[in-house]
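*Asks:* As a plain string of letters, each chain reads:
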Amino acid sequence: MNAVPSIVEPTSKSPFSGIYMQPPSLNQYQKAFTENLLSRQLLSASSEEFLSHIKPMFGETGKEQEVSDRFTIYRNNVILSLSTAIADSFPIVKRLIGEDCFTRAAIEYVRTSPPEYSSLLFYGEGFIDFIRSYPACAELNYIADVARLEWLYINAFHAQDSAPLDIGKLQTVSPEDIGDLYFECHPSSHLLMSDWPIDAIWEENLKEEVGILDVANLPASKLLIYRRDLQVQVVALTTNCFNFLYALKKRNNIAEAWSYTLELQKSESRPELDESELGGMLGYLIGLSVFTEAQIKENL
Amino acid sequence: MPIPARAGVGLKPEHYEIILSSNPDIGWFEVHPENYMSAGGANHHYLGKIRERYPLSLHGVGLSLGSASGLRADQLKALKMLVDRYNPSLVSEHLSWSQFGPNALNDLLPVPYTEEALQVFSNNIDQTQNFLQRQILIENPSSYFQLDYSSYAEWDFLVALAKTSGAGILLDVNNIYVSAANHGFDAENYIKNIPPELVGEIHLAGHSVQQVTGGKILIDDHGSAVIPKVWSLYEHALEHIGNRPTLIEWDANIPEWSRLYDEAKIADRRLLERSTVYS
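In the order they appear, the protein sequences are chains R and V. Following the numbering used here, the numbering of the first sequence begins with 1 at its first residue and continues without gaps. Following the numbering used here, the numbering of the second sequence begins with 301 at its first residue and continues without gaps.
Because the hints were derived from the structure by calculation, they are not lab data. Nothing here was measured: the structure is a model prediction, and the numbers come from that model. Possibly wrong hints are sitting among the right ones.
With a Cα cut of at most 30 Å, we get these calculated DSS-like pairs of lysine-lysine [unchecked claim]: (1) V:Lys380 - R:Lys31; (2) V:Lys312 - R:Lys94; (3) V:Lys312 - V:Lys377; (4) V:Lys312 - R:Lys207; (5) V:Lys492 - R:Lys55; (6) R:Lys31 - V:Lys516; (7) R:Lys55 - V:Lys529; (8) V:Lys380 - V:Lys349; (9) V:Lys463 - V:Lys377.
I would like the entire structure built from these sequences, with the hints used as guidance.
*Replies:* Written as structure tokens, this is what we have:
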């Protein structure tokens, strides 16, 4: 290449220490930049040399502050863009704890856990545990479970597409073989259990005007989160139905999943479950379009 | 489907439905591939439908071509999957870095314009173009500081890089305006130094102003309309370079579709007037 260097200045006089410094390598520069980008304050050890190479443009007076201000634009941009990404992913948590508290938590989180990938679609899983132990939220026992629900919502939104089960296929199965059927669930489907009524909390906070919920007296939640066409669905299941679907998702056939459901019902001393309810449960789940495939053999 | 020398706009999820229902007379659309690095769902559904009707440009913000430690294989693969899936007419990235070690920094950070940086960019662009099996365009960034040990002016660095790597240039006229104001150089002189045949695309966007110690800094936030002075600089760029596909970027405070469409029509008119006058 034959480019004519336009600005030749191999060494520079530091505005801070008055000594001449060798410019850093590109890797050293990027290391110091990164450290000072995410730190709470500019780090005195690495920032002084780093800032000494930034050119002030607005004259002698206040030039040290000027170069620091110029660098701070990047610090602010990065923290703002990442904390906004967290806010976009957890809108209901934000509503529950309030904007100020959420912003402080999100900034704290992005400083300690910046993303690994440039695509931020799946950034923020660690925020669930972070918010669970965030001191200001200590009294909101359900906050981490609501965050988990929002996280699964995002995952379901972006999950692989898959056509729902062709019901006609089930009609070819002879009645005595039904128990041997295995199901494949939609790639977006997740089951989530919480001691708290997080579905009611979540739904209420989607509304413009939030009413008061008696959180302590609402039932615990057993939820199915999945995508139907392009829409993410959050469905509250009965305990039996939840257990049944859980077993089916774990690659058990209908007969095995039903035994598992009965076993849990007995061990938890819930009202007796009649064999006749199996058909209704199965029909309900098929109606949700959560299955994509059904086969007699295990190797789906 | 090659991209015509017309106006295009950055595609936003807020506008998917209205674009599909109203079929606007727009030249093409551009997206950030990072927003589509997922397996399925609504984003891919709509992008696929829009791609059936319009040419597409993939404009990356996360490859970090300026990283001294090299590119991440997983980022390249994710980009390649989208290139294979959507067959875009243009693929572009930035003259900047955004990844250090395990940290993605989600901003287009400035590099010193040195021989070392030129080598780093050149290697990383080579790797990208070989992996994608196609040419990419490199966009001039906006920046808020310059380093005193840079040995090239940005325009010389960009041109030298395009020539050594075989990449094209995506000339962001707003970024030139912003950086010229922030660093005290002449925006028209920047454009004059770019060989027209290297330029494959032009970007236009709005910016904001921030007070710092000693003066004002322009911030490239893509959050408003293109200002008249940037439109004038665009005219100047068209005179020097000729008509090129021109993108209106509006990524923050996203307006109604009709407002964005109007902005694109302004660029389209300038391109059309020029082609009637000069062709």
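*Asks:* Are the hints correct? Go through all of them and say.
*Replies:* Results for each hint:
{"no.": "1", "hint": "V:Lys380 - R:Lys31", "in the structure": "holds, 28 Å"}
{"no.": "2", "hint": "V:Lys312 - R:Lys94", "in the structure": "holds, 24 Å"}
{"no.": "3", "hint": "V:Lys312 - V:Lys377", "in the structure": "holds, 24 Å"}
{"no.": "4", "hint": "V:Lys312 - R:Lys207", "in the structure": "holds, 24 Å"}
{"no.": "5", "hint": "V:Lys492 - R:Lys55", "in the structure": "holds, 25 Å"}
{"no.": "6", "hint": "R:Lys31 - V:Lys516", "in the structure": "holds, 28 Å"}
{"no.": "7", "hint": "R:Lys55 - V:Lys529", "in the structure": "holds, 26 Å"}
{"no.": "8", "hint": "V:Lys380 - V:Lys349", "in the structure": "holds, 20 Å"}
{"no.": "9", "hint": "V:Lys463 - V:Lys377", "in the structure": "holds, 25 Å"}
Of the numbered hints stated above, none is contradicted by the structure.
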